[in-house]
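Protein chains: 2
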Amino acid sequence: MAVCEILCVGTELLLGDILNTNARFLSKELALMGISVLRQTTVGDNMQRLCAAFNEAASRSDIVIACGGLGPTADDITKEALAQVLGLRLQKHEPTARAIEQYFQRRGVPMPRTNLKQALVPEGADVFENRNGSAPGIGVKDAGKTYVLLPGPPRELEPMFRDRVSAYLASYSDCVIISHAVKTFGIGESLMAEKVADLLELENPTVAPYAKDAEAYLRVTARAASRQEAERLCAPVIHEIRRRLGSKVYGVDTENLQRRVVELLQTKGLKVAFAESCTGGYAAKRITDIPGSSAVFECGIVAYANAVKSRLLGVKPGTLKRFGAVSTQTAVEMAQGVLRISEADIGVGITGIAGPQSDTGGKPAGLCCIALAAKGAAARVETIETGRANDREYNRFAASSKAMDMIRLYLEAAE
Amino acid sequence: MAVCEILCVGTELLLGDILNTNARFLSKELALMGISVLRQTTVGDNMQRLCAAFNEAASRSDIVIACGGLGPTADDITKEALAQVLGLRLQKHEPTARAIEQYFQRRGVPMPRTNLKQALVPEGADVFENRNGSAPGIGVKDAGKTYVLLPGPPRELEPMFRDRVSAYLASYSDCVIISHAVKTFGIGESLMAEKVADLLELENPTVAPYAKDAEAYLRVTARAASRQEAERLCAPVIHEIRRRLGSKVYGVDTENLQRRVVELLQTKGLKVAFAESCTGGYAAKRITDIPGSSAVFECGIVAYANAVKSRLLGVKPGTLKRFGAVSTQTAVEMAQGVLRISEADIGVGITGIAGPQSDTGGKPAGLCCIALAAKGAAARVETIETGRANDREYNRFAASSKAMDMIRLYLEAAE
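Residue numbers (this note's numbering), protein chains in the order written: chain Z, 1 to 415; chain X, 1 to 415.
Among the hints, erroneous ones may be present.
Note that the list lumps identical chains together, so a pair holds whenever it fits in one copy or between two copies.
Heads up, simulated DSSO-like pairs for lysine-lysine below, C-alpha to C-alpha not over 27 Å straight-line [claimed, not checked]:
#, residue 1, residue 2
1, K316, K145
2, K321, K268
3, K141, K363
4, K28, K271
5, K212, K28
6, K195, K145
7, K316, K271
8, K28, K363
9, K321, K28
10, K212, K375
11, K92, K195
Read the hints as simulated data drawn from the structure, not as lab findings.
Just so it is clear, the structure is predicted and the values come from calculations on it, not from any experiment.
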């Protein structure tokens with residue numbers, strides 16, 4: 001099994017200014033390729049220490065992947081360090097120089113001369129185009145070892161690894177690992193794990209429970225000589241999990257709830273509209289995260305103040321007065337209101353207390369009422385309480401997730 | 001200045017199963033104590049590699065802090081590795097053995113016998129009680145070096161470090177480090193760095209450029225015997241940066257643009273409303289991320305389809321037809337429309353192409369027009385192009401940032 005070390009470069013990592021997500025991303029991707037990561041090392045932007053780290057890593061492993069330090073400024077020296085360690089000259093890579101010039105032209109800003117430093121690559125290197133920034137990635141094969149240099153920003157590094165570097169390293173991969181995530185909503189991690197306790201003991205595929213972003217999911221991972229064989233191992237286990245968890249499962253490998261909702265709406269040719277109070281546009285933002293959502297998303301109204309709820313959505317002042325802004329009654333009138341003023345088929349109303357301050361009426365932060373109104377159907381409404389009064393982001397996320405899940409269950413029931 | 005290395009132990013880190021938050025936490029705490037972290041290393045639960053990592057780290061630094069691998073199971077071997085490296089015997093620490101027994105008694109579950117392994121410590125070690133779990137922390141001073149072993153779970157490690165270990169390492173702390181972030185918007189990292197190129201050469205305080213989330217910032221870090229003295233070193237440099245970058249600077253240590261916008265609106269007693277197309281609620285979501293934003297945020301309209309732009313916001317069909325939905329003219333009518341239907345003082349219209357698909361009219365993804373309308377003032381409008389056609393999240397984030405920045409500049413100009 002091929003052995004790899006990951007070398008992260010950046011004083012900001014050693015100062016604790018940023019979290020090292022690159023080490024995790026690369027480790028995970030390499031594990032899926034069957035390449036073993038034996039060590040992760042982080043050093044600062046210091047030539048002597050960086051060269052020492054390259055030499056040590058190469059003495060122990062087949063592959064060294066370094067990330068960070070490919071920027072245009074003088075303290076970006078990862079490329080220079082590798083060139084020094086391997087005794088290679090840096091030379092201008094013309095396609096990269098042109099790409100960098102065009103990148104600045106498109107943005108309509110003059111290119112600082114220092115940016116051309118990013119077009120220098122070690123002689124004989126393979127160059128990986130950067131579609132999301134200006135620093136290209138670099139691959140060097142030298143004395144039986146492979147070195148890969150990647151830009152530090154995750155939004156540049158991650159697509160570059162997936163699109164180019166994984167293929168570049170394919171010859172080191174000696175088995176196939178396949179992994180699927182069975183995603184659920186509306187069931188806690190421990191209850192989910194209890195329902196599949198016996199499956200968690202399996203060895204191939206393995207089944208492991210995780211919780212993330214107000215959801216729980218099970219990761220099913222198989223290892224085999226071929227992709228086909230690994231899939232054949234996963235299939236019956238995924239089927240059994242679906243059988244036990246029922247409608248709590250919203251998808252397998254589905255990116256997130258809003259993706260599932262957009263797919264269901266597309267299939268049925270329906271449109272949704274949101275009336276949001278505490279989530280402040282979060283539900284609309286999440287739906288419109290999905291490319292192509294314009295076909296299924298009609299409009300959103302963010303109505304924070306009571307006056308706006310009445311004026312734009314037609315919520316009755318009497319309802320607000322009698323039951324309060326955070327009530328199932330108000331949620332239903334918001335959902336019905338946005339349905340009335342739009343041409344959507346489904347209207348969703350969300351009203352709650354995001355925190356950290358709680359309501360004057362004694363309702364706790366984390367409480368939220370969510371209603372769904374649809375043409376020709378009775379309105380439905382649910383209330384959640386997260387129990388995390390101080391976590392405004394979590395409360396807003398969980399409330400918008402619950403709204404997505406109500407749309408999903410409504411559409412799935414109609415199937 | 002004392003030099004430290006952090007050694008994280010755990011195969012789950014090398015597999016990418018978990019994010020290494022301990023390395024960041026410890027680095028940050030140590031930086032504040034004036035202890036320099038030169039390297040972070042992660043290795044798996046393997047005796048030979050762990051011993052090698054201890055030896056290497058000790059050869060380069062005064063302090064080695066290892067975390068993880070203190071649990072009760074057979075693959076927890078960090079303590080055993082350190083004892084082997086230093087030639088120390090492990091012996092039972094009675095107060096810890098009693099504490100572990102009591103810990104299980106309190107939880108009302110029988111103690112597995114393997115847990116007594118956690119009461120073994122190297123002879124002569126200092127022991128740090130664990131108030132949030134069963135594995136104690138360990139300190140060993142040997143041949144002029146200090147070794148600290150901490151449990152892996154962050155909720156055990158973090159309080160233990162703050163309550164006990166920081167005092168244990170106090171003799172190494174000979175200074176205070178103060179750091180400030182000068183945050184900018186509307187200037188790229190390299191152009192910003194060019195304008196302060198001479199300041200980047202300073203030694204105390206140091207000035208370093210960073211880019212994150214469509215913004216660039218400068219970190220000014222001073223080291224001195226006292227906090228006061230360190231602040232005195234930073235002040236003139238921050239003043240000089242502000243002078244050179246002018247209105248590009250939106251704050252020092254300000255959390256983000258929306259925080260600055262909410263503060264400005266609060267100070268002036270004004271309210272804002274958004275009419276969003278491509279950002280789909282992202283601007284409203286970001287403003288309402290800030291607790292207390294209800295006092296300054298009037299409402300948001302997410303109008304994706306042209307029909308909705310006309311019906312809810314009063315955008316003229318002729319404008320949409322002649323100039324297109326993504327045009328400065330439409331952006332201005334959206335801003336004016338939301339101002340008209342709300343009781344806000346400032347209306348902002350955002351219309352663009354989020355990507356990854358580009359417009360049928362040949363306009364590129366990443367193009368966005370943003371308009372600001374205010375009572376009694378001429379509307380202003382700007383167009384940005386990110387040059388990142390494929391990055392929907394970035395394009396939407398950058399467009400909503402630009403909207404925040406236009407509000408900020410409008411309010412600052414009125415000061």
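Here's how the hints hold up against the structure:
no.	hint	in the structure
1	K316 / K145	neither (72 Å within a copy, 64 Å between copies)
2	K321 / K268	neither (38 Å within a copy, 29 Å between copies)
3	K141 / K363	neither (63 Å within a copy, 42 Å between copies)
4	K28 / K271	neither (38 Å within a copy, 46 Å between copies)
5	K212 / K28	both (17 Å within a copy, 24 Å between copies)
6	K195 / K145	neither (43 Å within a copy, 41 Å between copies)
7	K316 / K271	both (25 Å within a copy, 24 Å between copies)
8	K28 / K363	neither (43 Å within a copy, 38 Å between copies)
9	K321 / K28	neither (53 Å within a copy, 49 Å between copies)
10	K212 / K375	neither (34 Å within a copy, 44 Å between copies)
11	K92 / K195	between (59 Å within a copy, 26 Å between copies)
Consistency with the previously given hints fails for numbers 1, 2, 3, 4, 6, 8, 9 and 10, ordered from lowest to highest.
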